[in-house]
Amino acid sequence: MHIVVCIKQVPDSAQIRVHPVTNTIMRQGVPAIVNPYDLFSLEEALRLKDKYGGRVTVLTMGPPMAEAALRKCLAYGADEAVLVTDRAFAGSDTLATSFALASAIRQIQNDMAVDLVFAGKQTIDGDTAQVGPGIAKRLDLQLLTYVSKIESLDLEKREITVHRRAEGGVQVLKTKTPALITMLEGVNEMRFATMPNMFRAARYPLKVWDKDAAGIEDVTKIGLKGSPTIVSKVFAPTAKSQKASMIETESGDPRDIAITLLTKLFTQHPKLEKEIGKRAA
Amino acid sequence: MAEHFDAIVIGAGPSGNAAAYTMAKGGLKVLQLERGEYPGSKNVQGAILYSDALERMIPDFREDAPLERHIIEQRMWILDDNSHIASHYRSEEFNKQPYNRYTILRAQFDKWFSTKVQEAGALVINETTVTDLLMDKNRVIGVRTDRVDGEIYADVVVLADGVNSLLAKKAGFHAELQPKDVALAVKEIHFMPTETVESRFNISGDEGVVIEMAGKITKGMMGTGFLYTNKESLTVGVGCMLSDFKASKVSPYTLLDEMKQHPSIKPLLAGGEMKEYTAHLIPEGGYEAMPQIYGDGWMIVGDSGMFVNAVHREGSNLAMTTGRIAAETVLTLKEARKDLSARNLSAYRAALDETFVMKDLKKYRRMPGVFHKNPQFFTDYPDLVSQAARTMLTVDGIDKKTKEKQIRKEFSSRRSLVGLLGDAFKMWRAFE
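Keeping their order, the protein sequence lines are chains G and U. The working numbering numbers the first residue of the first sequence as 160 and each following residue consecutively. The working numbering numbers the first residue of the second sequence as 71 and each following residue consecutively.
Each hint should be verified, as a subset may be incorrect.
To be verified - Cross-link-like lysine-lysine pairs, in silico, BS3-like; alpha carbons within 30 Å at most: (1) Lys-392(G) <-> Lys-345(U); (2) Lys-366(G) <-> Lys-186(U); (3) Lys-366(G) <-> Lys-181(U); (4) Lys-240(U) <-> Lys-316(U).
Claimed, not checked - Stretches of chain U that chain G covers, calculated by requiring three or more beta carbons in the stretch to come under 8 Å of a beta carbon on chain G: (5) 189 to 195; (6) 211 to 218.
Because the hints were derived from the structure by calculation, they are not lab data. Heads up, the beta-carbon is just placed ideally off N, CA and C, and yes, glycines get one too.
Could you build the full structure based on these sequences and the hints that come with them?
See below:
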């Protein structure tokens, strides 16, 4: 079995700030991490490998410094790592990125057929959730997003059954492999790397591919040229400066406080009272 | 199959990096283990870089090391509650290359240093904590980490694990730190536009200013404050002996907060945005508190060996020098195919004795004791000196001779003549 896990190195968004004067994102000094959503997919892939054997290849497109993110994944237990990096990729949006990654996965296929592709649900820097589905479309893979559990995998019949979180419930879906899966956050916990894996990750000769090695011929599909999305403006929303008002009652009884709060709310938003009244009726 | 190395270095601070770099450069198979997420993530320092110690290892470090500003002006301030009396030394000589001192931001500098270590050929593994030293009778033969299958073997283990050196303590090489031998320092980095930094400190280009402060900002505790200029930020902090914090019950952040409100300091920080807050212990026990620094198969370098010159605010240069000399000792012994026993590793201590590290630490061996027993250096004197200056500078129709008499009287009323002479003698003895 061969699983490819697509990951992205992202700035730790918890530590990012917008420059107060220029409105640009200040990345200086912000540590780079593996996109947290990707780790749920990687862990699930590693669990499948533990169960069925085979190979896990991690793949990323990014600047040379993304090497650190790949090595981290190797330490967790991935077997191979491919970094697709080329100046020609600069400015890629999700359309161009999915094109480049799909192309790289085809190259990885040449070495060993791929049964499953995992991607993060979304990234914490772009938040689009488009690259995974984009790859699935380009490689004609079955698409399983928001997966909370992999129920079963039949390598003989090439069938996979998963639980997918949907609005209002859980769907149990069965489909054919190869498929592309994005895992829901919180459904597993990343393992602690073993010492031998730490050594292997530190010494692993990384596969670094430029656009040619990734099998990309049409340069109009990558980088700025291949990206219809234009970021016209970035700005920090102005912080709201409304003051909190304290709700106090003489008795201090929670029930009285609730009633006072509701009265206050309904006076300010009469429509809300009507709406809630209607629903209650 | 457990891994085996010529040397394992524990910690990726200045001393660990110096040791790993020197040994790897010398062709040894070196493993460096760092518990932080990346080298430098756990490291805290003022931070002034003294070129010499680094230059001896990496002569062309100026080409790509992330340096903030080279220091052209040193200010020494003595502060009472609302004034400061100062000496400034600024010299165009400090503008001549190669520069001698720089301000740095440690998070960036340590990352750079670590890439040098890796380029030299050492294997660096982060996020891995050494939990135990592996022993064969009295000899250290390797380490155990917090990871599954975590035993790793080596001919020598260099302990560069910092001020607390839990490992050395656990192995019994090191007694528990005494609060009187450690300072606790807190610092903040305040960001502001480069132009603001330059105009506030009368500097341009990469020029920088350092302010060292003593006096009532430490509320009678033994310690000092500092303020350094970086490219587009200021580093401000204060450190006092842990035993004093304990006795005074003053919290370190309150001390720093109040120091920032001092009328001499507040305008320098105005408009800045605080981006980083850190606290760290500094081993300031000096020569008298130094542990055994080598044994069968092990050596201690940097903060874990108390290698800090508290009087001159030097630490990272001692760290780098001890790391380098420990490494050179190993290289020499390896080359001569000699065993890395305590007997042979004693060459490390002997070599250190010949450097500024031991000479300076020996010179100031009495200093911590003097300051501990004589808090007046941090309370009465700043007041008196400041008052004297104010008396002389206030033009109010009183003749200078009377003013001098007044000042003398102030001094002898606060501190008896015997006390004054005694203090002078103590300082002379300690500095001698």
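Now the hints, each set against the structure:
1. Lys-392(G) <-> Lys-345(U): holds, 25 Å
2. Lys-366(G) <-> Lys-186(U): holds, 23 Å
3. Lys-366(G) <-> Lys-181(U): At roughly 24 Å apart (the allowed maximum being 30 Å), Lys-181(U) and Lys-366(G) satisfy the hint.
4. Lys-240(U) <-> Lys-316(U): holds, 25 Å
5. 189 to 195: Contact hint for the region 189 to 195 of chain U vs chain G: holds, 3 residues under 8 Å.
6. 211 to 218: holds (count 3)
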